[in-house]
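Novice: Construct the complete structure from the given sequences, taking the supplied hints into account.
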Amino acid sequence: MAMPILFVALATHVFDRIIVLCYNQSCNQHYPGGGAWPEHVQHRIVVQDGFTVDSENADLLDKITIEGEHGKNVWVSHMVAVEKASGMNITSVLIMEDDVVPCVGNKHLGDSAGAETFTAALSDMLTNMPWQGLKLCSEYHPTFKTCPKELECDIAAEFRDAGNLILCRTMKGSRAPNSAFYALHKSIFRVFLEALQAARAEQTNPITRKAGYSIDRWVPQAVNLHHILPNIANQIHRPLTCDKSLEFRDKCAKHYSGDKGDNPWDPDFLAKEKTKIEEKAKIEEKTKIEDKAKIEDEVVHALLPRLAMTLAPLLAVTGLLVPVFLRRR
492 MAMPILFVAL ATHVFDRIIV LCYNQSCNQH YPGGGAWPEH VQHRIVVQDG
542 FTVDSENADL LDKITIEGEH GKNVWVSHMV AVEKASGMNI TSVLIMEDDV
592 VPCVGNKHLG DSAGAETFTA ALSDMLTNMP WQGLKLCSEY HPTFKTCPKE
642 LECDIAAEFR DAGNLILCRT MKGSRAPNSA FYALHKSIFR VFLEALQAAR
692 AEQTNPITRK AGYSIDRWVP QAVNLHHILP NIANQIHRPL TCDKSLEFRD
742 KCAKHYSGDK GDNPWDPDFL AKEKTKIEEK AKIEEKTKIE DKAKIEDEVV
792 HALLPRLAMT LAPLLAVTGL LVPVFLRRR
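For the sequence shown, the working numbering gives the first residue as 492, with consecutive numbering after it.
Don't read these hints as lab results, they were simulated from the structure.
Calculated cross-link-like contacts (lysine-lysine; reagent style DSSO-like; alpha-carbon spacing at most 27 Å):
id : residue 1 : residue 2
1  : K773      : K783
2  : K677      : K701
3  : K735      : K745
4  : K735      : K598
5  : K742      : K663
6  : K785      : K773
Specialist: Right under this line is the structure:
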């Protein structure tokens, strides 16, 4: 089955590699000549067979003791995928489970023009801002009337030409399960590698201690996540996630409320922050010097009367002795 135009556009215009997580025979279509991917993007597609991963990591899987075999197998598969990506000298990778399909509500992304407009805008955004992880598919459960603070999603951009999709960010610790279709920047690879290394050495990792070996809980705990809302894809057996993501967008996505000059989505934000820190340091240093001078001045003024009182008798005696000394001469 040929991949949707949107997925091909993501491989062509946005991410350096797409790692497809599949199992056994379901992998066949993703290999060269399998028919899933056009020839011009096949070099960007890395096929990872879960059967092979399980076999090669049998010792590691035996070391991980949790309820349910599937959860730890998925966790290891995702960690191994990032390990592969880290060895490819690439900037970004899209992790894709093979049962992901486009959301039916995003018909405007189903043709070449719509998909290319969206992916060009997304590529430009990711090139010009700091990011760690991007969810293109997630499960949101917006049963609340008012969005909890930890789920508020600051809007980074609105893709008006792509059906009013938005890009927003939540901080580490937010609840955003489902890791079937997400991207990572190379700056966050190290965090995954450290967790995988700790698991292999049977050591404790702080993120795994908190989130366990569930990839759906682990990723939001480890990564500052950007989200495309509503979802542009869902797992084929979970179609309602698309509608839920739309509801989540309406309840939790908000524009940054700070000063315009402090907008963290400004491409020059980091440079501005550095300048601001340097200016603050200069002011603090100047204030420190002025405070020191003021304290020294206050000390001098406080000591002068005491010094005068101390020296007065000596000066008086000196005044009496000088005439006597002169007469003797």
